[in-house]
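Enquirer: Sequence:
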Amino acid sequence: MLLLLAICLLSGCSLGEGTVAADVVRLYPGCQLDKLNETHPLAADSEQILAKFTYTCKNESHLRYGNLVYRKGMDTGVTIYCCAREATPEEI
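Under our numbering, the sequence shown is numbered contiguously, ending at residue 631.
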């Protein structure tokens, strides 16, 4: 458990621009994060956070909009979010 916490802290697992950027690269091959616009808890559920962002892809000149939902993975004084998935229309 302690090893997992150390790995997450070193790799930036708390929800921030670095985490979203890594998930954009992983979920949308050939794309990269442009800007993390906002993050906020989903209605009445502090266990999940919605991240709204823009991203760009190779050979395209326009921005794309994305919405990922993260689930709280661990809270040891520092809340760590994991398990990104695309948000459903109801969550946006």
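Honestly, I wouldn't trust all of these hints.
[As the list claims (entries may be wrong)] Lysine to any residue pairs mimicking SDA-like chemistry, simulated, CA-CA at most 25 Å apart:
#1 K597 x R610
#2 K574 x G612
#3 K574 x E586
#4 K591 x D573
#5 K597 x T618
#6 K611 x N598
#7 K591 x I631
#8 K591 x G612
#9 K574 x A561
#10 K597 x E630
#11 K591 x R610
#12 K611 x S600
#13 K574 x T627
#14 K597 x L581
#15 K591 x L581
#16 K611 x R624
#17 K574 x T615
#18 K597 x T615
#19 K597 x G612
#20 K591 x T618
#21 K591 x E630
#22 K611 x C596
#23 K611 x A561
#24 K574 x Y604
#25 K574 x H601
#26 K574 x G555
#27 K611 x K597
#28 K574 x C596
#29 K591 x D614
#30 K597 x E629
Hints in this document: simulated from the structure, not taken from any laboratory.
Enquirer: For each hint, tell me whether it holds in the structure or not.
Expert: Evaluation of the provided hints:
| no. | hint | in the structure |
| --- | --- | --- |
| 1 | K597 x R610 | violated, 29 Å |
| 2 | K574 x G612 | holds, 24 Å |
| 3 | K574 x E586 | holds, 23 Å |
| 4 | K591 x D573 | holds, 11 Å |
| 5 | K597 x T618 | violated, 33 Å |
| 6 | K611 x N598 | violated, 35 Å |
| 7 | K591 x I631 | holds, 9 Å |
| 8 | K591 x G612 | holds, 19 Å |
| 9 | K574 x A561 | holds, 13 Å |
| 10 | K597 x E630 | violated, 28 Å |
| 11 | K591 x R610 | holds, 15 Å |
| 12 | K611 x S600 | violated, 34 Å |
| 13 | K574 x T627 | holds, 21 Å |
| 14 | K597 x L581 | violated, 31 Å |
| 15 | K591 x L581 | holds, 12 Å |
| 16 | K611 x R624 | holds, 13 Å |
| 17 | K574 x T615 | violated, 28 Å |
| 18 | K597 x T615 | violated, 38 Å |
| 19 | K597 x G612 | violated, 32 Å |
| 20 | K591 x T618 | holds, 19 Å |
| 21 | K591 x E630 | holds, 11 Å |
| 22 | K611 x C596 | violated, 28 Å |
| 23 | K611 x A561 | holds, 17 Å |
| 24 | K574 x Y604 | holds, 10 Å |
| 25 | K574 x H601 | holds, 13 Å |
| 26 | K574 x G555 | holds, 11 Å |
| 27 | K611 x K597 | violated, 31 Å |
| 28 | K574 x C596 | holds, 13 Å |
| 29 | K591 x D614 | holds, 22 Å |
| 30 | K597 x E629 | violated, 29 Å |
Against the hints set out earlier in the document, violations occur for numbers 1, 5, 6, 10, 12, 14, 17, 18, 19, 22, 27, 30.
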